[in-house]
Structure formats: structure tokens, C-alpha cells
Amino acid sequence: MRRTVAALLRKELLVELRTLESVPGMSLFAVTTFVVFHFALSRNTVEGDLGAGILWVTLLFAAILGVNRLFVADAEEGGFDGFLLAPVDRTALLVAKALTLLAYLLVLELIAVPAFALLLLGPPIGQALPELLGVLALGDLGVAAIGTLVAALAVRTRARDLLGPLLGLPLLVPVVIGGARATSPLFALSHPTAPAARWLLTLGLYDLVFGLIAYALFDFLLED
Amino acid sequence: MTALEVEGLARHYGEREALSGVSLSLDAGQTLAVFGPNGAGKTTLLRVLATLLRPHAGSVRVLGSTLPEQSWSVRGRIGLLGHEPLLYRELTARENLRFHARLHGVDEHRVDELLEAVAVSGRSREPLRTLSRGMVQRIAVARAVLHDPELLLLDEPYSNLDPAAVELVSPLIGAASGRTRVICSHDPAGGLAEADVVLGLRAGRPVLLSGASGVGGAEIAELYR
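As you go down the protein sequences, you meet chains G and W in turn. Just so we're on the same page, this note's numbering is the position in the first sequence counted from 1, plus 13. Just so we're on the same page, this note's numbering is the position in the second sequence counted from 1, plus 554.
Honestly, I wouldn't trust all of these hints.
[Unchecked claim] Partner residues aside, some chain G positions facing chain W, computed with beta carbon under 8 Å:
1) 27
2) 90
3) 92
4) 95
5) 97
6) 98
7) 99
8) 172
9) 215
[As the list claims (entries may be wrong)] Label pairs and their in silico Cβ distance ranges:
10) W:570 x G:56: 58 to 64 Å
11) W:670 x G:171: 40 to 46 Å
12) W:687 x G:211: 55 to 61 Å
13) G:45 x W:713: 42 to 48 Å
14) W:569 x G:56: 33 to 39 Å
15) G:179 x W:768: 55 to 61 Å
Calculated directly from the structure, the hints in this document are not laboratory data. For glycine and all other residues, C-beta sits at the position ideal for the given N, C-alpha and C.
Please take these sequences and the hints and turn them into a complete structure.
Next comes the structure, spelled out in C-alpha cells:
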């Protein structure tokens, strides 16, 4: 299966590099949203709960843009059929798509987090960065698992642009809650503290549950 | 050995019946030509045989395996050339074929061999979106036979191809390939010339099933009236 995942992942990244249809849009959306918040809140900086909430909600909506595009090339260019005709484990497609989405999210965060720190965040991010990266990684795993599942479900429907966010957003709310709560202490104006273990556990558990659900359901989504 | 055994096959899309009561048998190495007007069910039949659609009634055995239960065992033994080339427009011919070679566990030397065979080597590093339809169709032929399938399912395989290109791909998908073939065609003369068995469909129902020697162009033309 590793060989198949590698082939699929390579193809995904090549297509994205050539089309630039997902990551630039996601990143631009995130940065634009921070600019809008900067002016709409009538304040120069945010911290604590508000800062964490803005970061996670923005990342969530930016991620949805990537989720919506995840299977489009396959659906429009017959890639699904090409894959289904091959004698390979179909779980490889789930893994490759989740890794692709994960890669998109990493690039998004490489751009969005510094932009957030520059445009909105009050307290300096430097010290809290290792913990923040850990929380983001946990959140990304959940978004990748749920996003891949939802994208596979939506792409074969006529209303895929609507169905993706409609199904994805409610399922991703716990990721945003867990992520924001875990991030909030890192953005405290005075004495930043480590994220509460229970929110990290919540995120980890949610990732695990949806990883297993995606694994169990994915084959059926590809079936006629 | 029997390559295809279909008995009472039915398939519908919602309320609409796409195929009904289709029965046929085809020996290994033989060619079945399927004729019928647009919407007759030809593509649906190919997709069922390719394991991409489930039959809703009847029994289907492909290369000795019952569908859909044993679909996994025939995937990789079937080559499908449909209306869509099943290739990514942003990737080059070489990248597309390498991708499929990896999925099928085929040695990458085969990619070069096929690019030569369909005369695309010179433009194999250009994205597909920059190539003509005929060229893309030739690459799609290469993709369909990349893994040396026993059964070829061909939906109007020569569309977009000029006579020289038809000659070029004939050793791969023509009678000379020695493979069992199912060809959907709108060309009575060409289809009959290649066929051992002829199936005529109209509105999803079989109206003609015969050895090719017993069928004339007039009977095929009647299907389209």
C-alpha cells in the first residue's frame, strides 16, 4: 500500500503545483480574513480567547476551501475510474488524500500563523511557538480525516460545493473548540501557560475516532 | 474458455432503466461489437463489465469471476478505454502513464515502450491540456493496455483518431492484439469487420444477438431508426 500511497501523493502534489488551485486560495483567504478582523474589531491587537478563536475559525474556513477542491480533478478528469480499475487497496486513496490535505494545511499555517502574529496577535508568539505547533498539528489531523471523508462524500453529488461545507463545518466544530481552548493560554497577555491536557486529549481522541470512521466508511463511498 | 457470461443483466439509474434482460456469452480471444443509438445502454454495459457499476439484477461473470462479489480479482485484468481518457490534464503523458504503471505494479520501461508505440515520445513531457484530442486518445490507448489486460472494453476507441493513428493503435487494441474485446461502436462496417459476436441494444434492451457472420449492415442500420 505504501507504493500506491506514494504514487497517489506524488500525483496530487504535482497537480496542485501545476494548477495552484487550492493552497494559494486558502492562504490568501486566511490573510485577507485577518486584515478584515484587524479593521472590524477596531483594535490593534487581540490575545487570549479572542485571539485563539480568530485563528482557529479562520484556519477552519480556509481549510474548507481545500476540502472542496480535494477530489475535483479526480471527478472531472476520470481519475476515480482510473484508480478504481487498478488492483490496489482503496484505503490508499484515503491515506493519500488525507496526507495531501495535511500538506495543504501545513503550508497554509506557514503563511497564516506569521500573518496572524503580525497583523493581530498582541503577545509575542516566539515562546509559545513549539506548543502552538503541537496544537495545530493535532487539529490538522482531525481536519484531514474529516475533510477527506466529507470531500469524498460530496464530490459525487451535484451540490458538492454546498455539501462539503454543510457536512464538514458541524463535524469540525469540536476541532475548533478543542484547538481554540488549547491555544488560548498560549496567547495570554501575561504569563502564557501550557495548553490544558484535557483539550489536547479531546483533540487527540477526536482525531482517532474520525480516523477510524473514515477508514471504515471510505471504501463504501467509492462504491457505486 | 468463456471470458464473459452475462445472464439477465439489469441496471437502472433511479427510476430510469439503463439495461434490462441482457444476456450474452463470449469466448476468450473473441470480439463482441455492441451497437445501438445514443442512450441505448452501451456505456452502462461496459461500466458494469469493468466493475465500475454494480448490476442490479442478473448474473455477470467476467474472466471467471462473479461480479460484484469478486470484482477485486478481475481489476487489473481489464483495460477500459471510454469517452473520458482517465488522464490528468495538468500532467504530462509520461507522468500520467507512470502514475498508472505504479498503480498496476508495471515496470516503468513499459511506459517508454508504449509512448513509442503510440508515437507520442516527442511530446511526452508536455501537459496533456496542450495536446490535441487525437494525441490524448492515443495516450489513453496506451493507458488502457499499460498492464497488458486480458479483456479490453472499448467505447468508440477510434473517435478523434485519423487513419494513420488508427493504424498506429491497431496492434494494441485491434484484433491483432489477441485480447478478448468488447467494442461499442456507431460504425457498422468497422464494428462488424472486427466482431465475432454482435449485440444490438435499444433503450437498454437487447434486440439483436448473433454471430457476426449472420449480421449485415442493414440490420445494424435498423437499430438506429
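Hint check results:
no., hint, verdict
1, 27, "holds (6 Å)"
2, 90, "holds (5 Å)"
3, 92, "holds (6 Å)"
4, 95, "holds (4 Å)"
5, 97, "holds (6 Å)"
6, 98, "holds (6 Å)"
7, 99, "holds (4 Å)"
8, 172, "violated (16 Å)"
9, 215, "violated (38 Å)"
10, W:570 x G:56: 58 to 64 Å, "holds (59 Å)"
11, W:670 x G:171: 40 to 46 Å, "holds (42 Å)"
12, W:687 x G:211: 55 to 61 Å, "holds (59 Å)"
13, G:45 x W:713: 42 to 48 Å, "holds (45 Å)"
14, W:569 x G:56: 33 to 39 Å, "violated (58 Å)"
15, G:179 x W:768: 55 to 61 Å, "holds (56 Å)"
Figure legend: structure checked against the earlier numbered hints; hints not met, in rising order: 8, 9, 14.
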